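Enquirer: This is what each chain is made of:
2 protein chains.
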Amino acid sequence: MKAHVYVTLKRTVLDAQGQTIADALRRMRYQGIEDVRQGKYFVLSIDSQASESEARSEVERIAREVLVNPVIEEYSFHLEA
Amino acid sequence: MKAHVYVTLKRTVLDAQGQTIADALRRMRYQGIEDVRQGKYFVLSIDSQASESEARSEVERIAREVLVNPVIEEYSFHLEA
Numbered sequence: 001m002k003a004h005v006y007v008t009l010k011r012t013v014l015d016a017q018g019q020t021i022a023d024a025l026r027r028m029r030y031q032g033i034e035d036v037r038q039g040k041y042f043v044l045s046i047d048s049q050a051s052e053s054e055a056r057s058e059v060e061r062i063a064r065e066v067l068v069n070p071v072i073e074e075y076s077f078h079l080e081a
Numbered sequence: 082m083k084a085h086v087y088v089t090l091k092r093t094v095l096d097a098q099g100q101t102i103a104d105a106l107r108r109m110r111y112q113g114i115e116d117v118r119q120g121k122y123f124v125l126s127i128d129s130q131a132s133e134s135e136a137r138s139e140v141e142r143i144a145r146e147v148l149v150n151p152v153i154e155e156y157s158f159h160l161e162a
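Going line by line, the protein sequences match chains X and D.
Heads up: the first sequence at position 59 corresponds to 59 in my numbering, and the numbers run straight through without jumps.
Heads up: the second sequence at position 67 corresponds to 148 in my numbering, and the numbers run straight through without jumps.
I should point out that these hints are in silico values taken from the structure, not numbers from a laboratory.
Given the structure is predicted, the values throughout are model-derived calculations rather than measurements.
There are no misleading hints in this set.
Below, simulated DSBU-like cross-link-like pairs (lysine-lysine); rule was C-alpha separation at most 30 Å, straight line: (1) D:K83 - X:K10; (2) D:K121 - X:K2; (3) X:K10 - X:K40; (4) D:K91 - X:K10; (5) X:K10 - D:K121; (6) D:K83 - X:K40; (7) X:K40 - D:K91.
From the derived model, a few chain D residues whose C-beta atoms are all more than 12 Å from chain X: (8) T93; (9) L95; (10) A97; (11) P151; (12) I153; (13) A162.
Positions of the beta carbon are idealized from the N, C-alpha and C atoms, including for glycine.
Next comes chain X alone, as it looks inside the complex:
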């Protein structure tokens, strides 16, 4: 089973890296880009013996405790069989 975890800065937190990319794209004349936010993406491969609910709670725990800084970041994830 694979878990895809997406970590982004909260909307209220300035994303300097994303803004830099957006500015660069505008300077390079790419059309119609209003904003860019950059985040992190993790793919966790999980032991196939784990049930879906076990995997879900383990991934949530790992995200909350290790991958995400809850002060400035938020996350979402989905499981793939």
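Please arrange chain D on chain X, whose structure you already have, making use of the hints.
Expert: For chain D alone, coordinates are given in the frame of chain X:
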């Protein structure tokens, strides 16, 4: 419209950062994690006047030319209305 772009190292490229996270999780006694791959995640906000096919080709161009190093990385994306 928003485009979600996921950039990962190709399978054949060593992902040292992902391996470090996997090793740390094992040391911290998280159960059943076999492997971790780390990638980048971008959310592009696109001018709502663009059609879906225009947005799609623009995002593909930006990914290929700016966000992705095609020698070592691959990407996928999806659009969200």
